[in-house]
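Enquirer: Residue numbers (the working numbering), protein chains in the order written: chain A, 1 to 323; chain B, 1 to 436.
FYI, nobody ran anything at the bench for these hints, they're computed from the structure. Positions of the beta carbon are idealized from the N, C-alpha and C atoms, including for glycine. Some hints here could point you the wrong way.
[As the list claims (entries may be wrong)] Computed, partial: chain A to chain B, Cβ under 7 Å:
id : residue
1  : Arg-69
2  : Leu-73
3  : Gly-131
4  : Ser-132
5  : Lys-133
6  : Gln-176
7  : Gly-288
[To be verified] Stretch-level coverage of chain A by chain B, calculated; a stretch enters the list once three of its residues show a Cβ under 8 Å from a Cβ in chain B:
id : region
8  : 210–223
9  : 238–249
10 : 306–316
[What the hints assert, rightly or not] So these bits of chain A aren't anywhere near chain B, every CB distance computed over 10 Å:
id : residue
11 : Gln-128
12 : Arg-160
13 : Gln-282
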Amino acid sequence: MSTTARDLVPPESRAPSGAQAKGVKSGKVRRLSKRDKVVLSLMVGIPTLIQLVFVWLPTLMSIALSFMRWNGLALTDIRPAGLGNYQYISQDYPPFWPAMQHNLLWLAFLALVATPLGLLLAVLLDQQIRGSKIYQSIFFAPVMLSLALVGIIWQLFYQRDNGLLNFLLGTSGTPQAVDWFGDSSVNIWAALIAATWRHAGYVMLLYLAGLKGVDPSLKEAAAIDGANAVQTFFRVVFPAMRPINIVIVVITIIESLRAFDVVYVINRGTNGLELISALVIQNLVGEGQVIGVGSALAVVLLVISLVPIVFYLSRTFGKENKA
Amino acid sequence: MAAHTEPSLTAGPGRRTILKTMGVGVAGLAGVPLLAACTGGAGPSGGGTESSGLTFGSGSSDEVPKKAYQAVTDAFTKKTGKTVSTNVVPHNDFQNKINSYLQGSPDDTFTWFAGYRMQFYAGKGLLAPVDDVWEKIGGNFSDALKTASTGPDGKMYFVPNYNYPWGFFYRKSLWAEKGYEVPENFDALKTLAAKMKADGIIPIGFADKDGWPAMGTFDYINMRLNGYQFHVDLCSHKESWDQPKVTEVFTTWSALLPFQDPAALGQTWQDAARALAAKKTGMYLLGSFVTQQFTDPAVLKDIDFFPFPEIATEGRDAVEAPIDGLLLSKKGGENAAARQFMEFIGTPEAQDAYAAVDPSNIATAKGTDTSTFSELNKKCADTIANAKFISQFFDRDALPAMANNVMIPALQTFLKDGKMDVKNLEAQAKTLYAAQ
């Protein structure tokens, strides 16, 4: 069970847990030959080095740059800015607070709508219905589609003049047609639906794996005790999937924090679709590059992301230590 | 299976951007010794190629412009016997990576625009001045083009190739049918717009989903009210945003808001161009590249254009006509063949070679072949030739961060609710320009 859970965790958060586990084990080995030591140090050293160079170093540099002003040219142009960049994003940068709100809304929507929807799909498809595999593939397909395709598909639905949705509403081509992408009071919802479409498939797949791992004898026992299907699911099966549930919670939080592709495809995260991640891109990559401000935004995102990661790691390792 | 790869596909932008920052940092580090080498004066450009040829970096990656530049380099090789090795980079990448490009190992010459960013890199010493070239080709260009090619130190850096004017485009047949007349001043524009609205047409086509097209309207109202010099100074933040002159621009603009297409924020300029072609909108302010969308020759023939009407005393001295051309990198400055190429691009001969393949723009040199010009092209060319000042469009005249990160959201908000917080614009401008 716990191995399934760990396999389903995104690789980046898996890496440190693997490294640590190795460290614990190597302490228990009685005596190591020279060769063992070399092999072991390589096995620990290489991932550590990769981790250091590709994760820790950029993170630390990013944090350092968030306290600097730099035009991205010569290194001598780097000047200290103190908290200037943070002051700028919190006080002078109008898209910042809407972006925070939208990220929260995103989290609430994924947690309350998309994830339960994925669970529902999983439970339905776990029954021995005909064509279950086909349905699974269909619901999972959005997760595998590329950014560009997602954009085109939703464009077909949401277009103002010849989109499917306005056509179904009968407003297509009239002045009453809803401008799903352009009207800042509705476009966040349009984007959330598109995000749900992807997220639900992902959650479905994880829960399907989880449901397969639940011991059938538990269900039988519950049935013998007179529990109905709903009771069996919520009282027995769902609690038995605890490791998966934790993974899902963390994934939902992380997905909502790094939500990016859908809004970027629509309008690059402007006009009612501001998200922190889109602002980071706007400020760090490309022509509008302001390294200090972009780094400060990235650090804000990092700090927020640390909360669920710490929660998850403490949960997992807390349990392992007890065991 | 795919569930495992998915997270890394959409991998947290946080981490990815950190990596990019890192990349920038590394590029910066790599740039330092190279720069040092450059200022050291030890000719860093590979020894043998110096007289026999040059390298040319091109951001013109679209099919037609790419072929057009190919025609230019072929003509140059034919004329001088010097080889040009062209290095084409997709134009978005080219623009986005220009910082590290210029500090790494840039090509001898490369495509770029006139305006603030050219001046910025000239000021940082990353470009080589080409005054000697201008001595030979200066006669080919108007004063307005010469001003646009000058760096902050008064030296010449840029050689223009082509440009395209911004103005109001409209369908002649629709206007003739309804009896509309080209407005000469702002009041006439408002009257005309009101008339169109009464006729059930959306008077002014508008599209701002991408954010940048609205800057054209801002630039024009600003220049018509406050003059070209104020536009330049405001863009380079020598003038404050928090002043009545800027507020006045938005007050004036708000008179036009009710006549603009209310769907502006959901459509791209291509959508708005189609609406103009379908006679749903009466006129549309955009660059002359709008004509690319009119694939039906009958529609294209029916398109005319007029410059932005007069508002205050400034008249119509200035035209917004972004110029594309070539720059010489610091390294390329030591290559005689590269200077020769810069000189070549400033001649009617080279610009004709370019325009023969890509006729959608207007060549800048005097004496270029205009015999193949359509009526519309002639009008565009005249408008530019008669202008005293040529502005480069807000996103080329201002700090790119100011244009992309500040003006796009600000203008989109303005289009929505007609409000503009100039104090906040100034606060943002202060921080962003200070970081440069």
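Enquirer: Now, for every hint given, state plainly whether the structure supports it.
Expert: Here is how each hint holds up against the structure:
Against a cut-off of 7 Å between C-beta atoms, the interface hint on A/Arg-69 holds, since the closest Cβ of chain B lies about 4 Å away. About 6 Å separates the beta-carbon of A/Leu-73 from the nearest beta-carbon of chain B, less than 7 Å, and the hint is met. Because the smallest distance between the Cβ of A/Gly-131 and any Cβ of chain B comes to about 20 Å, over 7 Å, the interface hint for this residue is violated. For A/Ser-132, the shortest C-beta to C-beta distance to chain B is roughly 17 Å, which exceeds 7 Å, and the interface hint is violated.
With 7 Å as the threshold, the beta carbon of A/Lys-133 stays out of range of chain B, its nearest partner Cβ sitting at about 14 Å, so the hint is violated. Here the hint on A/Gln-176 is broken, as its CB sits about 12 Å from the closest CB of chain B, past 7 Å. The beta carbon of A/Gly-288 comes within 3 Å of a beta carbon in chain B, closer than 7 Å, and the hint placing it at the interface holds. For the region 210–223 of chain A, the assignment as covered by chain B is violated, since 0 residues bring a beta-carbon within under 8 Å of that chain's beta-carbons and 3 are needed.
Counting residues of the region 238–249 of chain A whose CB falls under 8 Å from any CB of chain B gives 0; the rule of at least 3 is not met. Counting residues of the region 306–316 of chain A whose beta carbon lies closer than 8 Å to any beta carbon of chain B gives 0, which falls below the threshold of three, so the coverage claim is violated. Distance check on A/Gln-128: its Cβ is at least 23 Å (rounded) from any Cβ of chain B, clearing the 10 Å threshold; non-interface status holds. Not every beta carbon of chain B lies more than 10 Å from that of A/Arg-160, the smallest distance being close to 6 Å; the non-interface claim is violated.
A beta-carbon of chain B is positioned within 10 Å of the beta-carbon of A/Gln-282; the least distance is around 6 Å.
Checked against the numbered hints above, the structure breaks hints 3, 4, 5, 6, 8, 9, 10, 12 and 13 and satisfies the rest.
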